[in-house]
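**Student:** Numbered by the working numbering, the letters in the sequence shown go through residues 1 to 236 in order.
Don't read these hints as lab results, they were simulated from the structure. Think of the CB as a built atom: it goes at the ideal place given N, C-alpha and C, for glycine as much as any other residue. A couple of the hints might just be wrong.
To be verified - Derived lysine to aspartate or glutamate pairs resembling DMTMM-like cross-links, with alpha carbons at most 20 Å apart:
# : residue 1 : residue 2
1 : 82        : 138
2 : 82        : 71
3 : 82        : 132
To be verified - Okay, the calculated beta carbon distance ranges per label pair:
# : residue 1 : residue 2 : range
4 : 200       : 52        : 25 to 31 Å
5 : 218       : 49        : 34 to 40 Å
6 : 200       : 88        : 29 to 35 Å
7 : 26        : 81        : 24 to 30 Å
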Amino acid sequence: MDRPCILITTGYRDGLNGGSPQTLLNQHYIDMIRAAGGLPVLAPPTVPFDPALAEACDAAGLLLSGGADLDAALYGQPPHPKASALHPLRQASELAWLAWAEGADLPILGICLGCQVINVHRGGSLLQHLPDVAGTIDHGSADGSARHDVAIGGGRLREVLGPSCRIASRHHQAVHRLGRDLAITARAPDGVVEAIEDDRRPFVVGVQWHPESLGDDAATRALARAFVQAARRRSA
C-alpha cells in the first residue's frame, strides 16, 4: 500500500446546553501524517468498541493522540487536585484501540496522553503533577510554547532522531513506574521521561512531547516518516 491507512484517535466532548456531542482533533495530527505519506483516518470513541473502521480501511498503524489526564485509579492512585479528567468514553476507547492494535501487531505511535496510555496499559504508573517534583523544568505551557532538548539514549528513536532533539512541551504528567516490556529511550534535562518504546515489536513508540505542534521541524518529519514507513512495511 503506497499510502498506508493510519488511524488517529480523537477527543470527545459532551454536547453543550443540550447540543450534539463532538468529536475533536487538532488538524496538526492530520497534516503530520499526510506529509509523511500516510492516509489519516479518524478513529472516534465508540462504546462498545468496534474495530470495523480499522478493517474497512485496512488500517496499518495507530496514532494515539494527546488529550487530558487518565483516571489515576487505573494505576491504583487517587486523582491529583490539578488533574483534568479525560472523558470516560475516550479513555475506554483509547485503551481498546491500543489493545486491538497490539493484537494485530500494528505500528503504534503515542503522543503525550498517548505515551501515557501505552505505559498505563502495560501496568505502569504516572507522575500526576510535575510542578510538585522538585527541580523540574517548565513542561506545561498551555499553548505549547515551552521548548527544551531531550537526550535520546537508544532504541528506534535514536536511530531516527540521533542523540538529541529540541521538542515542544505541553504536559503536567509523565511516566513514573515503567510498564511491562517497555524501555525509557529519552529524558528531559531534569530526568523526566520523554519517550518509551517496546523494542520487541517493529514500532511501538510513545513520546511525551508534541511533534505535531512543530510543523516542518526536521525531527517531526523524521519521526512521522519512520512511523508511516513501519506502517507501509506492515501493509506490504
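**Student:** Each hint: holds or not?
**Tutor:** Against the structure, the hints:
A C-alpha spacing of about 16 Å is found between residue 82 and residue 138, which places the hinted pair at or below 20 Å, so the restraint holds. With a C-alpha separation of about 12 Å, the suggested pair residue 82 and residue 71 falls inside the 20 Å cut-off, and the hint holds. Simply put, residue 82 and residue 132 have alpha-carbon atoms about 10 Å apart, close enough for the 20 Å limit, and the pair holds. In this structure the hint that residue 200 and residue 52 lie 25 to 31 Å apart at CB holds, the actual value being about 28 Å.
About 37 Å separates the C-beta atoms of residue 218 and residue 49, a value consistent with the hinted range of 34 to 40 Å. The hinted range of 29 to 35 Å is satisfied by residue 200 and residue 88, whose Cβ atoms lie roughly 31 Å apart. Between residue 26 and residue 81, the C-beta spacing of about 27 Å keeps the proposed range 24 to 30 Å intact.
Hint check: no violations occur; every hint is consistent with the structure.
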